[in-house]
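Using the sequences provided together with the hints, build the complete structure.
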Amino acid sequence: MRQAAQTLEIATPRPGLHEITREVAAWIADQGFSTGLLTLFCRHTSASLLIQENADPDVARDLEDWAATIAPESAGYRHQDEGPDDMPAHLRAALTGVQLSIPLTGGRLALGTWQGIYLFEHRARPHRREVAMHLIGE
Amino acid sequence: MRQAAQTLEIATPRPGLHEITREVAAWIADQGFSTGLLTLFCRHTSASLLIQENADPDVARDLEDWAATIAPESAGYRHQDEGPDDMPAHLRAALTGVQLSIPLTGGRLALGTWQGIYLFEHRARPHRREVAMHLIGE
Amino acid sequence: MRQAAQTLEIATPRPGLHEITREVAAWIADQGFSTGLLTLFCRHTSASLLIQENADPDVARDLEDWAATIAPESAGYRHQDEGPDDMPAHLRAALTGVQLSIPLTGGRLALGTWQGIYLFEHRARPHRREVAMHLIGE
Numbered sequence: 078m079r080q081a082a083q084t085l086e087i088a089t090p091r092p093g094l095h096e097i098t099r100e101v102a103a104w105i106a107d108q109g110f111s112t113g114l115l116t117l118f119c120r121h122t123s124a125s126l127l128i129q130e131n132a133d134p135d136v137a138r139d140l141e142d143w144a145a146t147i148a149p150e151s152a153g154y155r156h157q158d159e160g161p162d163d164m165p166a167h168l169r170a171a172l173t174g175v176q177l178s179i180p181l182t183g184g185r186l187a188l189g190t191w192q193g194i195y196l197f198e199h200r201a202r203p204h205r206r207e208v209a210m211h212l213i214g215e
Numbered sequence: 078m079r080q081a082a083q084t085l086e087i088a089t090p091r092p093g094l095h096e097i098t099r100e101v102a103a104w105i106a107d108q109g110f111s112t113g114l115l116t117l118f119c120r121h122t123s124a125s126l127l128i129q130e131n132a133d134p135d136v137a138r139d140l141e142d143w144a145a146t147i148a149p150e151s152a153g154y155r156h157q158d159e160g161p162d163d164m165p166a167h168l169r170a171a172l173t174g175v176q177l178s179i180p181l182t183g184g185r186l187a188l189g190t191w192q193g194i195y196l197f198e199h200r201a202r203p204h205r206r207e208v209a210m211h212l213i214g215e
Numbered sequence: 078m079r080q081a082a083q084t085l086e087i088a089t090p091r092p093g094l095h096e097i098t099r100e101v102a103a104w105i106a107d108q109g110f111s112t113g114l115l116t117l118f119c120r121h122t123s124a125s126l127l128i129q130e131n132a133d134p135d136v137a138r139d140l141e142d143w144a145a146t147i148a149p150e151s152a153g154y155r156h157q158d159e160g161p162d163d164m165p166a167h168l169r170a171a172l173t174g175v176q177l178s179i180p181l182t183g184g185r186l187a188l189g190t191w192q193g194i195y196l197f198e199h200r201a202r203p204h205r206r207e208v209a210m211h212l213i214g215e
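If you read the protein sequences in the order shown, they are chains S, D and Y. Residue numbering for the first sequence follows my numbering, beginning at 78 and increasing consecutively. Residue numbering for the second sequence follows my numbering, beginning at 78 and increasing consecutively. Residue numbering for the third sequence follows my numbering, beginning at 78 and increasing consecutively.
Since the hints were made in silico from the structure, they are not lab data. Glycine included, every Cβ here is placed at the ideal spot set by N, Cα and C. It is possible that some hints are incorrect.
Said to hold, decoys possible - In silico contact screen, one side only, chain S against chain D (beta carbon under 8 Å); selected entries:
1) Leu-114
2) Gln-129
3) Ala-152
4) Pro-180
Here is the structure:
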């Protein structure tokens, strides 16, 4: 039994969903584990992680619109330090969460056929985001 | 230290919450672990996993109604490939999440007295769903 | 490779966010792990766990207001056994989730600069809450 850990850096030139499945799978493959548990942890409070369908790009756009409706920009928030997209970003991160754990079996992530791993950028301006990756198993 | 992994198949004849606590606990008991970490991962983007109260069935019904209000069927979604319940299903899965990790101590899951593990089916038609189970510990 | 497990008890004199980062980090430090995975599991269905910004207290207040808007008290719920704050508490727990896993590297949690760990109390009256903590690694 052993562990591996690495930080994944992701550039987000625009808000919305950014698929990171390929980057995560590439790191997993390099570690040479057969069975284990992968944990991804987004080190921010204005970006989040989620699993979504990666077949039709319209799903991502509908999801972004929905998040904007559920946690709108103009709702009279107290916290506006970094502009009108500041507090909604925190709310949308709370909504979808910053952590995912995915089992690894047969050397592959147990993702379903249509599942992709996404970083959800909630701020309007471009950012660089860090996702801590941790793998335990053998 | 060792690992165990298995796929749990769940038939969902109707939308809504389906309790799977018993099936999960039965698998755990068979593995003979004393201390460890259980991870459940739903391999779909239109069904999800959550912990809820398992004492009063009204809680499940109120929760289903709430999800239908938060992510309604008629909201002019772009993605409608599989009908009006397609995109709301993705949104409700994003809302509640597809993954749960639960510590195991003294050979039992650390669930609270009133906590049950549920698969939340978001599609109108019957489905068969897969939940990847992973256990690590000793 | 080894494990550690403990239950953290938290008094919640009022509803809303209660930061528990210090208590969790203190327990981690006592275990003497260098690399590993921490899992926190809230053993209740009317309180939840989430990561949020711990710099400006206004973030917590805006988040509490938002949760009250998303899952309001007066929505004609079936389940009202313990009063008008009963069912909204379950909904807000489903919204934010009861479980968090955070990698540990270099002997420290991989939290970002502004990230704090919070217990979110959803009931109006004071409670004592239990969070199961599990650590695996070396």
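Interface hint status, Pro-180 of chain S versus chain D (Cβ within 8 Å)
holds, 4 Å
Holds or violated: is the Cβ of Ala-152 of chain S closer than 8 Å to a Cβ in chain D?
Since the shortest Cβ distance to chain D is 16 Å, the answer is violated.
Hint Gln-129 of chain S vs chain D: min CB-CB distance below 8 Å?
With a closest approach of 6 Å, the Gln-129 of chain S hint holds.
Once the shortest beta carbon distance from Leu-114 of chain S to chain D is found, is it less than 8 Å?
With a closest approach of 6 Å, the Leu-114 of chain S hint holds.
Hint compliance for this structure: hint 3 alone is broken.
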